[in-house]
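Colleague: Here is how the chains run, residue by residue.
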Amino acid sequence: NAGVTQTPKFQVLKTGQSMTLQCAQDMNHEYMSWYRQDPGMGLRLIHYSVGAGITDQGEVPNGYNVSRSTTEDFPLRLLSAAPSQTSVYFCASSSLSWKDTQYFGPGTRLTVL
Amino acid sequence: AQTVTQSQPEMSVQEAETVTLSCTYDTSESDYYLFWYKQPPSRQMILVIRQEAYKQQNATENRFSVNFQKAAKSFSLKISDSQLGDAAMYFCAYRSADYKLSFGAGTTVTVRA
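Order-wise, the sequence lines are chains A and B. With the first letter of the first sequence counted as 1, position 14 gets the number 14 in the numbering used here; the numbers rise by one all the way through. If you want the numbering used here, it's the position in the second sequence, counting the first as 1, plus 113.
What the hints contain is simulated information worked out from the structure, not anything from laboratory work. All figures in this text were calculated on a predicted structure; none of them were measured in a lab. Hints are not guaranteed to be accurate.
Claimed, not checked - Only some residues are given here: those of chain A computed to face chain B with a beta carbon under 10 angstroms: (1) 63; (2) 64; (3) 68; (4) 98; (5) 100.
Ideal Cβ placement from N, Cα and C applies to all residues, glycine included.
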């Protein structure tokens, strides 16, 4: 049972490049989400999903796309990276019991030059 | 998103002493969950303790306990008998019935030997 996995752990991009951050979970969780963590701002919700084929925007969705074709995977796409997207990104999952805690991946540190 | 406020950016505590971290939140909901997460330098998000708003009894997990004041919308974390391994950033989080988590900005705890 690996929990929530994220790849890569570190990434450097140039402005305008695109990339996909991968997230997978093996706990059969319906709910998956992406956060970004910036100094002094805590974690902010980017996008989330309550099941395969269903996604919705969070607090800071601009510049990011997501899809959920399977229960296990929830990739985050940066279409045209900008320096403002330099951050640490966390993927998390949980059951659809809102009382359940979210289980977090180890994070990806992204730098956009 | 709900607003979660952690007014103490940094706290320092002597080993074996007690430290209390404050958290307030803004909501119009009657039922919700509150969490404290620990983030050590490894960046991993670790659940410390959780509290359901309908339960009046304050949650306790070993050396960690909360003081939940629903009317005041306050949810403080007390760390007793502080250990060097408690040094980390601590985040207060609010989870509403739509599964979304809202985080505070975090409090960095330093433990002095």
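Colleague: Each of the hints needs a verdict: does it hold here or not?
Modeller: Structure-based check of each hint:
Against a cut-off of 10 angstroms between C-beta atoms, the interface hint on residue 63 of chain A is violated, since the closest Cβ of chain B lies about 18 angstroms away. With a least beta-carbon distance of about 16 angstroms to chain B, the hint placing residue 64 of chain A at the interface is violated under the 10 angstroms criterion. For residue 68 of chain A, the interface hint is violated, since its Cβ never comes within 10 angstroms of a Cβ in chain B; the closest pair sits about 14 angstroms apart. This hint holds: residue 98 of chain A has a C-beta 5 angstroms from the nearest C-beta of chain B, less than the 10 angstroms allowed.
With a least beta-carbon distance of about 9 angstroms to chain B, the hint placing residue 100 of chain A at the interface is held under the 10 angstroms criterion.
Checked against the numbered hints above, the structure violates hints 1, 2 and 3; every other hint is satisfied.
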